[in-house]
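**Q** Residue-level listing of the chains:
There are 2 protein chains.
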Amino acid sequence: SVETESGRQLYLSPGKGGCATCHGETGNEPVMPMYPKIGGQMEMYLINQMQDYKLKKRKNGLFVPMEVAMEHYSDEDILQIAKYLASF
Amino acid sequence: SVETESGRQLYLSPGKGGCATCHGETGNEPVMPMYPKIGGQMEMYLINQMQDYKLKKRKNGLFVPMEVAMEHYSDEDILQIAKYLASF
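As you go down the protein sequences, you meet chains A and B in turn. In terms of our numbering, the numbers along the first sequence are unbroken and rise by one, the last being 206. In terms of our numbering, the numbers along the second sequence are unbroken and rise by one, the last being 206.
Next comes chain A alone, as it looks inside the complex (with noise of 0.2 Å):
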């Protein structure tokens, strides 16, 4: 939809943090049974975990991958990106 297609192209995009690479295209299909479906969680749930990974508070599992890809966005993108991934 209009609403979540902003978000949509910040979560696909390869050019930036490749979320889609590890977590398919709804967030619903993780490449490896350690990383979470994400798809459908609750737009605050998901910020929250993003500007946590984004400002390194978030230290468990696998947070390398998940801290370099944040480095790509913005506050502002982190808001689409939830927004797009909660609409599932």
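If you're looking for bench data, these hints aren't it; they were derived computationally from the structure. Predicted model, so just to flag it, every value in this text is computed and none were measured. Keep in mind that the hints are not guaranteed to be accurate.
When chains are identical, the list treats them as one kind, so a pair holds in a single copy or across two.
Said to hold, decoys possible - With a cut-off of at most 30 Å between alpha-carbon atoms, the simulated DSSO-like pairs for lysine-lysine come out as follows: (1) K172 <-> K134; (2) K134 <-> K201; (3) K134 <-> K175.
Got chain A sorted already, so can you dock chain B onto it with the hints?
**A** Positioned in the frame of chain A, the structure of chain B alone reads:
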């Protein structure tokens, strides 16, 4: 089912961690928008997150209730709960 019944009991029991109080019966009815949906996640992801909270390695967001809740569960309990939640 027989395979998930033990995990279901551990997950639902109010006398243990009380998981369902915050996450809902299937794990996908969070009572707060900053809580994740955990039903249908991969078994390994679920085990890792529960262990990380138990071992105090996940320190972002609202981790305190999860650290307290996980004190009630053994490693075997965690495996059973993960099997239950992954079944959705």
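**Q** Hint compliance check: list the failing hint numbers for this structure, sorted ascending.
**A** As far as the earlier hints go, not one is violated by this structure.
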